Amino acid sequence: MTEDTHRQTTDVDAVLDSIDREETIGLLGDLVGIESPYFHEEEIVEFVYGWLAARGLDPEYHPVSDPELTGYEGRNVVVHLEGSDPTAPTLLINAHVDTVEIVDTWEEDPLSGRIEDGRLYGQGAADMKAGLAAAMVTVAALAEADLAGDVRFAAVVDEEGPYGLGTDQLLRDGLVDDCDMAVVTEPGPALARDDVESPALIVGARGRFLYDIDVTGRAAHGSTPDRGINAVLDAGRIARALTEMPLGEHPDLGSGSICPLAIEGGSETLSVPAHCRLVVDRHVVLGETEHGVIAEAEATIEALDLDSSVSVGLREVPHPGARYGPYVVSRDHPLVLGLSRATESVTGVAPAISYLLSVGDFNYLGHRADVPTVILGPDGGNLHSAGEWVDLEDTVQVARILGAGAVDLLT
Numbered sequence: 069m070t071e072d073t074h075r076q077t078t079d080v081d082a083v084l085d086s087i088d089r090e091e092t093i094g095l096l097g098d099l100v101g102i103e104s105p106y107f108h109e110e111e112i113v114e115f116v117y118g119w120l121a122a123r124g125l126d127p128e129y130h131p132v133s134d135p136e137l138t139g140y141e142g143r144n145v146v147v148h149l150e151g152s153d154p155t156a157p158t159l160l161i162n163a164h165v166d167t168v169e170i171v172d173t174w175e176e177d178p179l180s181g182r183i184e185d186g187r188l189y190g191q192g193a194a195d196m197k198a199g200l201a202a203a204m205v206t207v208a209a210l211a212e213a214d215l216a217g218d219v220r221f222a223a224v225v226d227e228e229g230p231y232g233l234g235t236d237q238l239l240r241d242g243l244v245d246d247c248d249m250a251v252v253t254e255p256g257p258a259l260a261r262d263d264v265e266s267p268a269l270i271v272g273a274r275g276r277f278l279y280d281i282d283v284t285g286r287a288a289h290g291s292t293p294d295r296g297i298n299a300v301l302d303a304g305r306i307a308r309a310l311t312e313m314p315l316g317e318h319p320d321l322g323s324g325s326i327c328p329l330a331i332e333g334g335s336e337t338l339s340v341p342a343h344c345r346l347v348v349d350r351h352v353v354l355g356e357t358e359h360g361v362i363a364e365a366e367a368t369i370e371a372l373d374l375d376s377s378v379s380v381g382l383r384e385v386p387h388p389g390a391r392y393g394p395y396v397v398s399r400d401h402p403l404v405l406g407l408s409r410a411t412e413s414v415t416g417v418a419p420a421i422s423y424l425l426s427v428g429d430f431n432y433l434g435h436r437a438d439v440p441t442v443i444l445g446p447d448g449g450n451l452h453s454a455g456e457w458v459d460l461e462d463t464v465q466v467a468r469i470l471g472a473g474a475v476d477l478l479t
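Residue numbers 69 to 479, in the working numbering, belong to the letters of the sequence shown in order.
Any given hint could be a false lead.
For each label pair, taking beta carbons as the anchor points, the in silico distance ranges come out as [to be verified]:
| no. | residue 1 | residue 2 | range |
| --- | --- | --- | --- |
| 1 | Glu175 | His289 | 48 to 54 Å |
| 2 | Ser325 | Thr77 | 57 to 63 Å |
| 3 | Asp438 | Ser152 | 25 to 31 Å |
| 4 | Asp177 | Gly334 | 38 to 44 Å |
| 5 | Pro154 | Pro319 | 34 to 40 Å |
Treat the hints as calculated values from the structure; they're not laboratory data.
Treat the numbers as computed from the prediction; the structure is a model and nothing was measured.
All C-beta atoms in this analysis are idealised placements derived from N, C-alpha and C, irrespective of residue type, glycine included.
Could you build all of it, start to finish, from the sequences and the hints given here?
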């Protein structure tokens with residue numbers, strides 16, 4: 069065994085010894101007990117800051133601002149662990165602190181953090197307070213390791229909101245510019261394209277555009293519909309045609325998808341609707357671009373030869389870069405190989421490899437910032453709904469894999 073290998077083994081052992089099961093589960097329970105829907109994260113942000121500060125990690129608040137579109141003002145929490153070698157790589161660990169709004173069909177306290185049969189229940193338990201807890205205890209353990217490379221930890225706001233403003237602000241302010249790789253501790257197994265079990269590495273994701281289509285017809289009295297042009301009917305025809313449109317294919321990400329989300333039009337008691345708005349989700353794979361998806365929708369609609377006039381656009385965003393593009397990380401990339409070695413070391417088995425069907429902050433990192441990004445998180449169920457749960461052993465396991473992987477990659 070070389071001196072470097074011996075030092076790495078010693079560091080891994082020290083990191084794993086520092087990741088305490090009961091502390092991790094206790095932290096998860098504390099996080100679940102704080103209500104933190106997107107745009108309302110201040111309490112949990114202060115908790116995360118305080119927990120990190122109490123362990124001497126010198127956290128910093130990072131302001132997040134979107135005054136024009138949403139009026140949102142918030143704060144991320146960032147920690148930087150400096151390694152010994154300025155030429156060594158920097159690893160970003162990213163986890164969001166927010167959840168969706170508490171759904172009203174819970175039959176128990178959604179903030180209780182009840183534990184039963186190895187699962188912890190609560191809104192946001194899986195998505196993604198377990199991943200947040202795992203990341204926090206890992207960063208605290210890594211602070212004691214002799215790493216050559218740097219670690220940057222970002223606990224971000226508004227991932228569940230419409231624009232991912234927390235991670236978006238990281239990119240806009242240059243906090244990702246010097247990062248060579250990233251791990252996002254989202255609940256990958258629960259969201260993967262394939263039916264995979266933990267441990268799993270998610271090494272890519274589809275992207276997403278949201279069509280915002282305006283349809284303009286001509287009003288008339290409802291008793292004489294033939295004298296008007298019904299914008300609602302034409303919007304329905306457009307919705308059906310878009311769902312039948314050929315979509316992109318990718319060997320890893322699969323195919324794209326189309327899903328009409330809303331039709332809004334007509335308000336008069338007895339009038340042919342002259343205006344209608346149609347909102348359509350489109351998930352895309354590599355090779356499909358913003359200009360391409362607009363052109364394809366326009367061609368599909370033109371072929372319908374409607375009487376209404378139609379304008380095809382995309383949902384308004386805070387700035388032109390705030391869109392979720394698709395990405396894939398090679399299975400041979402050092403990040404994937406290092407996390408795979410760590411998984412085998414910690415669990416004794418090789419990780420499953422898969423891809424994500426939907427979008428999140430990882431798209432900003434993997435596509436927009438072009439930082440190789442892997443999702444490593446615990447398994448869970450009922451995400452965004454009543455009865456949400458996360459596997460406790462998976463949560464601790466993720467922390468240990470992440471810790472061992474960071475030592476592997478940064479020494």
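Hint check:
At about 50 Å, the CB distance of glutamate 175 to histidine 289 agrees with the hint of 48 to 54 Å. For the pair serine 325 and threonine 77, the beta carbons lie near 45 Å from each other, so the given range of 57 to 63 Å is not met. Between aspartate 438 and serine 152 the CB atoms are about 27 Å apart, so this pair conforms to the stated range of 25 to 31 Å. Taken as a hint, the range 38 to 44 Å holds for the pair aspartate 177 and glycine 334, whose Cβ atoms sit roughly 41 Å apart.
For proline 154 and proline 319, the hinted distance range of 34 to 40 Å is satisfied, since their beta carbons lie about 38 Å from each other.
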